[in-house]
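Asks: Here's the letter readout for the chains.
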Amino acid sequence: AQKVTQAQTEISVVEKEDVTLDCVYETRDTTYYLFWYKQPPSGELVFLIRRNSFDEQNEISGRYSWNFQKSTSSFNFTITASQVVDSAVYFCALSEAEIPSNTGKLIFGQGTTLQVKP
Amino acid sequence: DTEVTQTPKHLVMGMTNKKSLKCEQHMGHRAMYWYKQKAKKPPELMFVYSYEKLSINESVPSRFSPECPNSSLLNLHLHALQPEDSALYLCASSQEDSSGANVLTFGAGSRLTVL
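Residue numbers (our numbering), protein chains in the order written: chain A, 1 to 118; chain B, 1 to 115.
Think of the hints as simulated: they come from the structure by calculation, not from any bench.
Accuracy of the hints is not assured; some may be wrong.
[Said to hold, decoys possible] In silico SDA-like pairs for lysine to any residue, Cα to Cα no more than 20 Å straight-line: (1) K40/B with Q115/A; (2) K105/A with S98/B; (3) K9/B with I56/B; (4) K3/A with Q37/B; (5) K105/A with K19/B; (6) K16/A with I56/B; (7) K105/A with K9/B; (8) K105/A with V103/B; (9) K38/B with E10/A; (10) K38/B with T80/A; (11) K105/A with V60/B; (12) K36/B with D22/A; (13) K38/B with G28/B; (14) K105/A with G100/B; (15) K40/B with I60/A; (16) K36/B with Q110/A; (17) K40/B with G62/A; (18) K41/B with A88/A; (19) K40/B with D22/A; (20) K41/B with P40/A; (21) K105/A with T16/B; (22) K38/B with S42/A; (23) K41/B with I11/A; (24) K105/A with G28/B; (25) K105/A with S55/B; (26) K9/B with E10/A.
Based on the sequences and whatever the hints tell you, model everything.
Replies: Shown next, in the form of structure tokens:
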């Protein structure tokens, strides 16, 4: 069975603090994709990053960084020097590479609400 | 154009009404999706269209009827809804990238209230 667990329901930090959002996944597939999406109060889900199961390189994009570890089935997301604009719900998601048709079906975690206070 | 546009943004309807939600994308994506999201919950997949054909129906009640008139448009027809169907309805589209992943681009959603 496929499953994504985001154990942190809500996190509150003060601006400029670093914060890590945890994501643990379960899948039997050897090929799969992991995603992080941000959902601000406006409601739109904004794509942040995609990771392939065969690429364990960590990635940094500005203040955002992602740590992918297959050994622990984790794909954690760190925001460095958080800002008020980072306040949102963050979803981790899993997509399996179905053959022959890759439908892109996403399995979402429950989401982590991040509040960054000034 | 890298957007998915959804209309209306807000919709209030009675249980006997018939209404439609509309979604449009001009990115040339071949797959389009409807998701339903209740407050403080993750999005739940309802339907997937691939090349204008329905490829996934996640056992959605027949009071929700999807339609894909062409590769850029996706509709969700609503009829005889229940108050518990009140939610944010998100449309998305996707195309496989070079790694084989489908990266979904979401619209801002249509917030539906059923009275």
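Asks: Does each hint fit the structure? Answer for all of them.
Replies: The hints, checked one at a time:
The straight-line distance between the Cα atoms of K40/B and Q115/A is roughly 14 Å, inside the 20 Å bound, and the hint therefore holds. A C-alpha spacing of about 18 Å is found between K105/A and S98/B, which places the hinted pair at or below 20 Å, so the restraint holds. Distance check on the hinted pair: K9/B and I56/B sit about 25 Å apart at the alpha-carbon level, beyond 20 Å; violated. Distance hint between K3/A and Q37/B is fulfilled; the C-alpha atoms sit about 18 Å from each other, no more than 20 Å.
The hinted pair formed by K105/A and K19/B fails the criterion: a straight-line CA distance of about 26 Å is larger than 20 Å. At most 20 Å may separate the alpha-carbon atoms for a hinted pair to count; K16/A and I56/B exceed this at roughly 43 Å. The suggested pairing of K105/A with K9/B is violated, with an alpha-carbon distance near 24 Å, which exceeds 20 Å. Restraint check for K105/A and V103/B: satisfied, since their Cα atoms lie roughly 10 Å apart, inside the 20 Å limit.
Restraint check for K38/B and E10/A: satisfied, since their Cα atoms lie roughly 17 Å apart, inside the 20 Å limit. Between K38/B and T80/A the alpha-carbon distance is near 30 Å, which puts this suggested pair outside the 20 Å criterion. Between K105/A and V60/B, the direct Cα distance comes to roughly 15 Å. Compliance with the 20 Å bound is thereby established for this hinted pair. Proximity of K36/B to D22/A is assessed by CA-CA distance (about 24 Å); at most 20 Å being required, the pair is judged violated.
At most 20 Å may separate the alpha-carbon atoms for a hinted pair to count; K38/B and G28/B exceed this at roughly 29 Å. Among the hinted pairs, K105/A with G100/B is consistent with the structure: their alpha-carbon atoms are about 13 Å apart, no more than 20 Å. A distance of roughly 28 Å separates the Cα atoms of K40/B and I60/A; the hinted pair therefore is violated under the 20 Å criterion. This hinted pair checks out: K36/B and Q110/A have alpha carbons roughly 14 Å apart, not beyond 20 Å.
Under the criterion of a C-alpha separation no larger than 20 Å, the hint pairing K40/B with G62/A is inconsistent with the structure, at around 28 Å. With a C-alpha separation of about 13 Å, the suggested pair K41/B and A88/A falls inside the 20 Å cut-off, and the hint holds. Using a Cα cut-off of 20 Å, the hinted pair K40/B and D22/A holds, with the two alpha carbons roughly 18 Å apart. About 14 Å separates the Cα atoms of K41/B and P40/A, which keeps this hinted pair within 20 Å; it holds.
Proximity of K105/A to T16/B is assessed by CA-CA distance (about 32 Å); at most 20 Å being required, the pair is judged violated. Proposed proximity of K38/B and S42/A is supported: the alpha carbons are some 14 Å apart, at most 20 Å. At roughly 16 Å between alpha-carbon atoms, K41/B and I11/A fall within 20 Å of each other, so this suggested pair holds. Taking the CA atoms of K105/A and G28/B, the gap is near 19 Å; set against the 20 Å cutoff, the hint holds.
For the proposed pair K105/A and S55/B, the alpha carbon gap of about 11 Å is at most 20 Å, so the pair holds. Taken as a hint, the K9/B and E10/A pair is broken in the structure, with Cα atoms around 27 Å apart against an allowance of 20 Å.
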